[in-house]
Amino acid sequence: MPGSGSVPQPRDDSTVAYNNRVYSRFALQNRVYCVPVDEPEEERLDELNDIVQEVLDDRIVLIPDWPADEDDDLQVLECGVGKGAWIDSLLEEQENCVVTGVDIYFGQGVENDEEDEDDDTGIQEYIRYRWNMNAPFAEDRRREEALRPESFDLINSRFLGDGINGSRWPGYINDLRKLLRPDTGWLQMVELEFFFQSDSGMLRYDESEPLYLWQQWYTSELRRLGKDPQVGRRLRALMVDAGFRDVRYSPLRLQIGRWNQ
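Those letters in the sequence shown? Residues 1 to 261, by full-length UniProt numbering.
There could be a bad hint or two in this list.
The following label-pair restraints were derived from C-beta to C-beta distances [as the list claims (entries may be wrong)]:
1) E93 - E150: 22 to 28 Å
2) E145 - P170: 24 to 30 Å
3) R128 - L203: 38 to 44 Å
To be clear, the hints were calculated from the coordinates, so they are not data collected in a lab. Owing to the predicted nature of the structure, the values given are computational and were not obtained by experimental measurement. From the three backbone atoms N, C-alpha and C, an ideal C-beta is built for every residue, glycine too.
Model the full assembly from the supplied sequences, consistent with the hints where possible.
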């Protein structure tokens, strides 16, 4: 598909191998997303989904008393599908959801420019919508087919800090608000911040600590690419500025490893 203004858009699921890992060709060429898309990454995302779900007390949807009416089909949008772990969990819990997933890559992590987009092996069926979310959804001529304004009951956006440019976040959240049903639609957002700490205070923040070095390198590279590695701290203010009401913000700690078990 043609690019939207100055923001390029992916056409397929072509990949490229680099240092024995597989990446989305589009993501690397356009400096959108620097994380692999291969099988080890799929496993990592599955594990991350399990960890986050445990931290959230096994809640797939964070909105209290959702859905209000379980008899009607619920229109759900997920931004940042990955391999569909959250969609799987949602549809196991709420079978009456019609889910649309937005991402730049929907392949299986192999070097194949003609990846079959209809292969949903291992994940629940959902509508796939390929889009670089650094561009407004309104710039896509196809959006009336899947992303109709004021049509979604729930939008789930998570783990996009590595892919969305820092300056894009206010517009992105405003785009999501326009897609929600007025007065009844909900948006939930989850972002990670790699800031390693220890309860004992024994973790040293100096160049002799490998975790600190990795954290410094990763966050500096994200900033160099125009990303905001601390966007999670801004989400509440951004949602309020976009016109959302009843905004709730809860920073949580993630355990690293199984050292205390």
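Comparing the hints with the structure gives:
1. E93 - E150: 22 to 28 Å: The hint (22 to 28 Å, Cβ to Cβ) holds, given that E93 and E150 are roughly 25 Å apart.
2. E145 - P170: 24 to 30 Å: holds (26 Å)
3. R128 - L203: 38 to 44 Å: Holds - the Cβ-Cβ distance for R128 and L203, about 41 Å, lies within 38 to 44 Å.
In this structure, every one of the numbered hints holds.
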